[in-house]
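Chemist: In our numbering, the protein residues as written are 6 to 154.
What the hints contain is simulated information worked out from the structure, not anything from laboratory work.
Please read all numbers here as calculations on a predicted model, not as lab measurements.
Any given hint could turn out to be false.
DSSO-like cross-link-like pairs, simulated, lysine-lysine; straight-line CA separation at most 27 Å [as the list claims (entries may be wrong)]:
no.	residue 1	residue 2
1	133	37
2	143	69
3	121	61
4	132	37
5	132	61
6	66	132
7	37	121
8	69	121
Listed next, with one range per pair, are the computed distances between beta-carbon atoms [said to hold, decoys possible]:
no.	residue 1	residue 2	range
9	136	20	20 to 26 Å
10	117	46	23 to 29 Å
11	90	130	17 to 23 Å
12	66	103	34 to 40 Å
13	120	47	34 to 40 Å
14	91	43	17 to 23 Å
15	12	34	19 to 25 Å
Even glycine gets a Cβ: it sits at the ideal position worked out from N, Cα and C.
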Amino acid sequence: MALFEYSDTLNFSPASVFALLCDLEARPEWIKGIIEVRVTPAGPAQLGTSYFEVGKFSGFKSEKTMSVTAYEPGQLLTLDTGSAAASPFRESYRIEPLSTESCRVHFTVEVGNVPKVAEFFMRQEMKKSQPQNAERLKALLAGCTQHVS
6 MALFEYSDTL
16 NFSPASVFAL
26 LCDLEARPEW
36 IKGIIEVRVT
46 PAGPAQLGTS
56 YFEVGKFSGF
66 KSEKTMSVTA
76 YEPGQLLTLD
86 TGSAAASPFR
96 ESYRIEPLST
106 ESCRVHFTVE
116 VGNVPKVAEF
126 FMRQEMKKSQ
136 PQNAERLKAL
146 LAGCTQHVS
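Hey, can you work out the whole structure from these sequences and the hints?
Modeler: Below you can see the structure in the form of structure tokens.
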């Protein structure tokens with residue numbers, strides 16, 4: 006599996022960051038390329054939640070169905086296609102609280118059955134997109150905070 010990792014500090018409460026990560030229907034607002042999502046059952050992610058996503062990344066259309074396979078409230082969310090998928094895919098978000106108003110988020114993406122040549126290009130794209138997604142996540146959190154205040 007190709008492994009892509011990124012960590013960033015977010016100056017928002019760990020609880021608000023985790024809540025937004027668990028709002029799977031909001032993913033198109035902070036992950037560039039996602040076109041459509043369906044979440045079953047509706048509402049925040051929980052263990053067993055089914056998530057269908059259509060996206061366009063680096064010019065290629067992608068469709069995948071994942072399930073929440075790891076869920077620790079306030080700490081960990083993992084979405085996974087399962088190893089039987091043609092292109093296994095897993096992404097995890099681990100929250101590391103730094104204070105009551107900041108946390109470090111560890112973003113991990115694993116993609117299976119990737120040819121070495123494609124992995125090189127994916128790695129280049131992930132180096133750009135993961136920090137950009139984190140910035141969009143921060144902007145979305147800032148907007149939520151302003152609406153609450």
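Chemist: Please test the hint of 34 to 40 Å on the beta carbon pair from residue 66 and residue 103.
Modeler: holds (38 Å)
Chemist: Tell me if the straight-line CA distance from residue 143 to residue 69 falls inside 27 Å.
Modeler: Between residue 143 and residue 69 the Cα gap is close to 26 Å, so the pair holds against 27 Å.
Chemist: In this structure, is the beta-carbon distance linking residue 136 and residue 20 contained in 20 to 26 Å?
Modeler: holds (23 Å)
Chemist: Would the pair residue 133 and residue 37 pass a check requiring their Cα atoms to be no farther apart than 27 Å?
Modeler: holds (11 Å)
Chemist: Is the hinted pair residue 37 and residue 121 satisfied, with a Cα-Cα distance of at most 27 Å?
Modeler: This hinted pair holds, its Cα atoms lying about 24 Å apart.
Chemist: Take the C-alpha atoms of residue 132 and residue 61, compute the straight-line distance between them, and say whether it is at most 27 Å.
Modeler: Holds - the C-alpha atoms of residue 61 and residue 132 are around 17 Å apart, at most 27 Å.
Chemist: Mind checking the hinted window 34 to 40 Å against the Cβ distance between residue 120 and residue 47?
Modeler: holds (37 Å)
Chemist: Could you say whether the range 17 to 23 Å given as a hint is met by the Cβ separation of residue 91 and residue 43?
Modeler: holds (20 Å)
Chemist: Looking only at beta-carbon atoms, does the pair residue 12, residue 34 fall within the given range of 19 to 25 Å?
Modeler: holds (21 Å)
Chemist: Given the hint that residue 69 pairs with residue 121, does the C-alpha gap stay at or below 27 Å?
Modeler: Status holds; Cα separation ~21 Å.
Chemist: Is residue 121 within 27 Å of residue 61, Cα to Cα?
Modeler: holds (21 Å)
Chemist: Assess, step by step, whether the Cα of residue 132 is no farther than 27 Å from the Cα of residue 37, and give holds or violated.
Modeler: holds (14 Å)
Hint violations for this structure: none, all hints satisfied.
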